[in-house]
Amino acid sequence: MNLTGIILTSALYIALLFFIGGVIGRLIIYSEVSTANGTHSLKRRPLFFSRMSSIFSELFLLKRLMKANPLLWVGEWLFHISFAFVLLRHLRYFIEPAPAWLFDFDVFGIISGFMLFSSLVFILAVKMFIERAYFSSYNFSLLALLVFISVTGLLMNMILKTDLVEIKFFAMGIATFTPQSLPVSSIFFTHFFSFIIFILLLPSHIFTAPITILEAFRRDEDIKTIMHDEKK
Amino acid sequence: MKKNNSFTKDLSAQQRIEIDACTQCGECLKCCPVQEVTGKPKISPPEKMRMFREFIKATDGMKSRLFGQSEIDKELLEDFTKAVYECTVCGACGEACTVGIHTQRLWPMLRREMVKRGLGPLGVQTKMQEVITNTGNPYNKPASERFSPWFPAHVSVEEKAEIAYYAGCTGVYEAQPMVKGDVLILGASGVPFTMLPPEDEVCCGFPLFITGQHDMLEGLVKRLVDAYAVRGVKTLVCSCPCCVNIMARDWPAFYGKELPFKIRHISQFTIDALNSGALRFKRELNERLIYHDPCYLSRGVGVIEEPRSVLRSIPGVELVEFERHGMDSRCCGSGGAARKVFHDNAIAMGRLAIDEAVAKKADRLILACPACYAKVNEAMSDHDKKIKITDIMELAAEMIDCGER
Chain A
1 MNLTGIILTS
11 ALYIALLFFI
21 GGVIGRLIIY
31 SEVSTANGTH
41 SLKRRPLFFS
51 RMSSIFSELF
61 LLKRLMKANP
71 LLWVGEWLFH
81 ISFAFVLLRH
91 LRYFIEPAPA
101 WLFDFDVFGI
111 ISGFMLFSSL
121 VFILAVKMFI
131 ERAYFSSYNF
141 SLLALLVFIS
151 VTGLLMNMIL
161 KTDLVEIKFF
171 AMGIATFTPQ
181 SLPVSSIFFT
191 HFFSFIIFIL
201 LLPSHIFTAP
211 ITILEAFRRD
221 EDIKTIMHDE
231 KK
Chain B
1 MKKNNSFTKD
11 LSAQQRIEID
21 ACTQCGECLK
31 CCPVQEVTGK
41 PKISPPEKMR
51 MFREFIKATD
61 GMKSRLFGQS
71 EIDKELLEDF
81 TKAVYECTVC
91 GACGEACTVG
101 IHTQRLWPML
111 RREMVKRGLG
121 PLGVQTKMQE
131 VITNTGNPYN
141 KPASERFSPW
151 FPAHVSVEEK
161 AEIAYYAGCT
171 GVYEAQPMVK
181 GDVLILGASG
191 VPFTMLPPED
201 EVCCGFPLFI
211 TGQHDMLEGL
221 VKRLVDAYAV
231 RGVKTLVCSC
241 PCCVNIMARD
251 WPAFYGKELP
261 FKIRHISQFT
271 IDALNSGALR
281 FKRELNERLI
291 YHDPCYLSRG
301 VGVIEEPRSV
311 LRSIPGVELV
321 EFERHGMDSR
331 CCGSGGAARK
341 VFHDNAIAMG
351 RLAIDEAVAK
361 KADRLILACP
371 ACYAKVNEAM
381 SDHDKKIKIT
391 DIMELAAEMI
401 DCGER
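Chains as they are written, first to last, in the working numbering: chain A, 1 to 232; chain B, 1 to 405.
Just to be clear, a hint being listed does not mean it is correct.
What the hints assert, rightly or not - Footprint (simulated), chain A over chain B, 3 or more residues, beta carbon under 8 Å:
no., region
1, 165-175
2, 240-249
3, 263-273
Said to hold, decoys possible - Restricting the straight-line Cα-Cα distance to at most 25 Å, the calculated cross-link-like pairs of lysine-lysine (BS3-like) are:
no., chain 1, residue 1, chain 2, residue 2
4, B, Lys-234, A, Lys-224
5, B, Lys-40, A, Lys-224
6, B, Lys-262, A, Lys-224
7, B, Lys-57, B, Lys-9
8, B, Lys-234, A, Lys-127
I should point out that these hints are in silico values taken from the structure, not numbers from a laboratory. We put the beta carbon where it would ideally sit given N, CA and C, even for glycine.
Starting from the given sequences, assemble the full structure and let the hints guide the process.
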């Protein structure tokens, strides 16, 4: 094993620890529930299974975004889907032996890689040239970094071929806490290093959006009962 | 253990999550009325979220827990205070929010944090508690003038009844044609109703709630609820959307238990009376009407169809809609108790409503909120576009021909 491999593997662990620490910190803040807040007196209606399809479309189809901005929704939805598939495709580096379905999925995974890049560029273009009312430099940095990571990933796959066996060894080293040598490839180094930066920049509250989306769905249901008798 | 200067101590878990969930996408800016008239992204919803997150980080973040809380930039606190009080709390940003943050409820809670730190409220809002304590209303008007200038002499009020009417401070002091219309409709329906004497019909608490001044709320709510309970009230009818909102949503929490009566908006009472035949429109109105949804009635408590049904029941009426209506309605400028402090913003917003109503070739702009009524009328003076402005119950009473107009 080489020193760069150890340093980069450790850097990833540290980045992940920071992220997980941040998530735990958030959970602590959320758990300190106030008793003094006398404002949420509405009776809540339970979420029935019959509403599951609606809940699914709220979360999976990002319905609120679709209503707010259909153009951006196209980019965001493709981004989320393709990102999930790209991550799924990366699983084969961390599992030994990798299940056969992961290899069957390979072509689709590559298509997702292109889709990821295209959707990110599309989102950036919409944000930069069409929706210019509000600009978050933080969001822009994250998007730009994701574009860079996807470009380096595609380059590795299509042009600057990198030894997959070396990558697998390195990835398995990460997964089993036994750091291995970094593959001899500057494009892989760039890809991996950018990913560490991404983890460091990733907000620890990234998982809160589904909670608020679900709550908004319940709120839209509950509002019908505030001033109206429920139909029997 | 939470320290005293924690910024999250009095927020619910859901509200803490909401503050984090903002993705800073900026979609809300497109429907924020304050943005429409000021064009200042620095006071926009995502900026308020960003600033408040800084406060939480300084007092409740992991670093502050391990190494002690850090000083918060005073300028940032003042910027936030101005931004959160310049907001009309209409909740349009929450309706447009891509992650569904309930801003109509969140902003008042964040205002409360500023009140706790002595930074809020602003301007005339600071005198509100004292004025309500002294006079029972936020307008510093004597109780003797609450009903007498407008109350129709021929309408009788019972000592006890299952239906009670709460007129509300803004209606009685700033939008008298509206409350007069309410009472005429109630009287014409033939349903016995009761009211509290003027000195007992105190503020519902909404102006205090919305400006983050919550200390007096419990006392006001208990006083009102108990007074209605003694009169045997089963349904409390009110026309002011702000009053209706706090009554339906927050009174039970401040009262400490479920209310002994239902809360209903006057448009709900009216459509029921029309459907049952207790009321009937006798006149025809061959006009094109445009109805403006009050934020706290539509987004607040979901009363959207009933006012429209009342208007459609008037023979001859053609009803047109604003581009943004129902749950997406645009604030008229008087929300959030901001109209008395950020007067120019409120006037500019009111004129947007007038301009659109005129552009839609409406003969009359129909309002259903006393604050909207007062502000949009004010916005029209010195404005180049004119339209007839009428409250929905004022119009309904006229069409029913209640004997006095």
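Taking the hints in turn, this is what the structure says about them:
Check result for the region 165-175 of chain B against chain A: violated, 0 residues qualifying (beta carbon to beta carbon below 8 Å, three or more required). Figure legend: the region 240-249 of chain B, annotated as covered by chain A; annotation consistent (3 residues with Cβ-Cβ distances under 8 Å, at least 3 required). Remark: the region 263-273 of chain B is confirmed as covered by chain A, as 4 of its residues place a Cβ nearer than 8 Å to a Cβ of that chain, reaching the required three. Between Lys-234(B) and Lys-224(A) the CA atoms are separated by roughly 20 Å; this keeps the pair inside 25 Å, and the hint holds.
Annotation: proposed proximity of Lys-40(B) to Lys-224(A) is violated, straight-line Cα distance about 35 Å (limit 25 Å). With a CA separation close to 14 Å, the supplied pair Lys-262(B) and Lys-224(A) stays within the 25 Å bound. As the CA atoms of Lys-57(B) and Lys-9(B) are separated by approximately 13 Å, the hinted pair is consistent with the 25 Å bound. A distance of roughly 53 Å separates the Cα atoms of Lys-234(B) and Lys-127(A); the hinted pair therefore is violated under the 25 Å criterion.
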